[in-house]
Amino acid sequence: MPEWLITLTLILVKLGLVFFVLLTGAAYLVLAERKLLGRMQLRYGPNRVGPFGLLQPLADAVKLLTKEDFIPAQADKFVFFVAPGLAAVTALLAFAVVPFSPPITLFGREVPMVVCDLNIGVLYFLGLSSLAVYGVALGGWASNSKYALLGGIRGLSQLISYELAMGLSLVPVVLMARSFSLTDIVLAQQSVPFALLNPLAFLIFLVSVAAESKRIPFDLPEAENELVAGFHTEYSGMRFGLFFVGEYINMMILGAMITVFFLGGWLGPWLPPIVWFLLKVLAVAFFFIWVRGTLPRLRYDQLMHFGWKVLIPLSLLNVVVTGAVLLWRQG
Amino acid sequence: MNLWRDIKGTVQPFWVTLRNMLRRPVTVRYPEQKRTPPPRYRARIVLTRDPDGGERCVACYLCSAACPVDCISMQAAEAPDGRRHAAWFRINFARCIYCGLCAEACPTLAIQMTPDFAFCKDEPLRLVYEKEDLLINDGGKDREYNFYRHAGIGVVNPRGGNDDEYGPVDVKSNLP
Numbered sequence: 117m118p119e120w121l122i123t124l125t126l127i128l129v130k131l132g133l134v135f136f137v138l139l140t141g142a143a144y145l146v147l148a149e150r151k152l153l154g155r156m157q158l159r160y161g162p163n164r165v166g167p168f169g170l171l172q173p174l175a176d177a178v179k180l181l182t183k184e185d186f187i188p189a190q191a192d193k194f195v196f197f198v199a200p201g202l203a204a205v206t207a208l209l210a211f212a213v214v215p216f217s218p219p220i221t222l223f224g225r226e227v228p229m230v231v232c233d234l235n236i237g238v239l240y241f242l243g244l245s246s247l248a249v250y251g252v253a254l255g256g257w258a259s260n261s262k263y264a265l266l267g268g269i270r271g272l273s274q275l276i277s278y279e280l281a282m283g284l285s286l287v288p289v290v291l292m293a294r295s296f297s298l299t300d301i302v303l304a305q306q307s308v309p310f311a312l313l314n315p316l317a318f319l320i321f322l323v324s325v326a327a328e329s330k331r332i333p334f335d336l337p338e339a340e341n342e343l344v345a346g347f348h349t350e351y352s353g354m355r356f357g358l359f360f361v362g363e364y365i366n367m368m369i370l371g372a373m374i375t376v377f378f379l380g381g382w383l384g385p386w387l388p389p390i391v392w393f394l395l396k397v398l399a400v401a402f403f404f405i406w407v408r409g410t411l412p413r414l415r416y417d418q419l420m421h422f423g424w425k426v427l428i429p430l431s432l433l434n435v436v437v438t439g440a441v442l443l444w445r446q447g
Numbered sequence: 110m111n112l113w114r115d116i117k118g119t120v121q122p123f124w125v126t127l128r129n130m131l132r133r134p135v136t137v138r139y140p141e142q143k144r145t146p147p148p149r150y151r152a153r154i155v156l157t158r159d160p161d162g163g164e165r166c167v168a169c170y171l172c173s174a175a176c177p178v179d180c181i182s183m184q185a186a187e188a189p190d191g192r193r194h195a196a197w198f199r200i201n202f203a204r205c206i207y208c209g210l211c212a213e214a215c216p217t218l219a220i221q222m223t224p225d226f227a228f229c230k231d232e233p234l235r236l237v238y239e240k241e242d243l244l245i246n247d248g249g250k251d252r253e254y255n256f257y258r259h260a261g262i263g264v265v266n267p268r269g270g271n272d273d274e275y276g277p278v279d280v281k282s283n284l285p
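Quick note, the sequences are listed as chains A and B, same order.
Residue numbers 117 to 447, in this note's numbering, belong to the letters of the first sequence in order.
Residue numbers 110 to 285, in this note's numbering, belong to the letters of the second sequence in order.
Keep in mind that the hints were calculated from the coordinates and are not lab data.
Warning: the hint list may mix true and false statements.
Stated by the list, open to error - For the chain A half of the interface with chain B, some residues (derived, Cβ under 10 Å), not all of them:
(1) 152
(2) 154
(3) 158
(4) 159
(5) 161
(6) 163
(7) 406
(8) 409
(9) 438
(10) 441
Just so it is clear, CB atoms sit at the ideal spot from N, CA and C, and this is done for glycine as well.
Produce the entire structure from the sequences given, and follow the hints as far as they go.
Written out as structure tokens, the structure is:
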């Protein structure tokens with residue numbers, strides 16, 4: 117077998133694995149979220165389909181696929197079709213740079229456990245999370261509905277303002293790791309995870325990631341009691357499903373990013389690296405669900421004030437201080 | 110300190126939700142766990158009988174007039190002894206909203222609500238109950254009540270022949 121064929125096969129196998137794990141993970145995250153929220157409200161959550169409701173995601177998928185695919189009159193058809201795909205694809209693509217385990221040896225060759233170890237992984241991630249805004253904005257715009265439009269506008273401004281804080285909170289990480297590659301960032305946390313080394317950056321990243329995934333304290337783009345369903349009001353069937361799945365894949369991605377940037381990625385004692393990685397991602401996902409069960413939605417002006425007047429100055433200050441400390445330690 | 114209050118207000122709820130997550134849910138899982146509804150629960154409607162075993166219903170149409178969704182219909186008839194009853198009596202449970210106004214309107218306690226709520230069908234027409242389906246062999250909530258001992262029977266000839274009734278008084282006999 118020629119060399120390039122093995123490389124290609126390995127990449128395809130990794131891709132398939134990541135795809136499979138991500139999609140089933142997202143599907144079961146929905147179930148986990150519904151169950152956990154139910155328990156927090158002293159209910160059981162879905163428990164009818166299969167044992168413990170474990171087949172619920174399947175039932176949901178069947179339901180979404182068999183629903184009518186409705187296009188509103190005078191909607192911009194092409195954009196309307198493309199927007200949900202954008203939301204899901206950008207979320208999926210971001211996982212390409214996430215390293216989930218140290219390289220392993222297979223067929224006498226070293227296989228990095230990451231789909232593609234870019235040396236500018238951080239920038240790639242930031243770029244894709246900016247692209248994710250288009251799904252929201254275009255979906256809201258193309259629906260030809262006031263609620264969708266308002267949701268789209270809100271989503272646009274919210275994501276743009278929180279992206280700044282998110283990018284700025286990653287600067288100290290890059291400074292400390294001295295690399296843009298996610299693998300190197302994980303390896304730099306060999307002794308202490310960055311969450312302990314720079315808790316402020318961790319907190320800012322956590323908050324802006326929650327805003328980025330449009331989840332509950334920051335779910336203004338969909339705000340169901342103000343805007344019906346926000347940017348996906350007019351979507352039905354699997355197009356809505358794509359937005360929905362995209363949101364949960366996004367949650368997994370952002371969990372993986374928090375894990376890589378701040379929680380030390382796959383590093384950890386006793387357990388195999390991949391288990392550590394999954395555990396950390398699931399812990400972050402649980403935290404997001406917990407937040408959803410706990411906090412009410414912010415008002416729009418509170419959201420903007422918090423982003424521009426608190427998070428961004430704080431993260432700028434954090435960049436300066438971290439840089440100064442690093443310079444001072446170098447001597 | 111306002112900031113301190115805000116931070117506390119943000120962190121405290123997390124403890125509350127976590128504590129509640131570990132508590133037992135209060136849900137009653139219906140098909141497996143059934144609760145008995147209270148005796149005055151308003152569900153399936155029945156037609157009751159008086160202690161003698163006769164139908165209480167006198168087909169006065171008050172229930173069908175009181176019904177806000179018009180789900181009760183009947184046809185009045187009279188027995189040879191002058192006793193009124195319904196020739197047929199029909200309740201469309203697919204329409205019924207279980208408001209209980211019929212039971213309240215009924216002067217003879219014939220129509221009553223029972224706590225039996227689980228009688229859904231896969232076809233709406235099977236929810237149309239006829240008189241035979243509605244009649245039960247019991248007095249329901251007030252077993253002793255017997256309307257016909259007092260009223261509701263046709264006038265017999267000669268006058269005063271019914272139970273509970275005196276014959277007409279000869280006015281000339283009770284002059285002062």
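Taking the hints in turn, this is what the structure says about them:
no.: 1; hint: 152; result: 7 Å, holds
no.: 2; hint: 154; result: 7 Å, holds
no.: 3; hint: 158; result: 5 Å, holds
no.: 4; hint: 159; result: 5 Å, holds
no.: 5; hint: 161; result: 9 Å, holds
no.: 6; hint: 163; result: 8 Å, holds
no.: 7; hint: 406; result: 6 Å, holds
no.: 8; hint: 409; result: 5 Å, holds
no.: 9; hint: 438; result: 23 Å, violated
no.: 10; hint: 441; result: 25 Å, violated
The structure fails hints 9, 10 (numbered hints given earlier, in ascending order).
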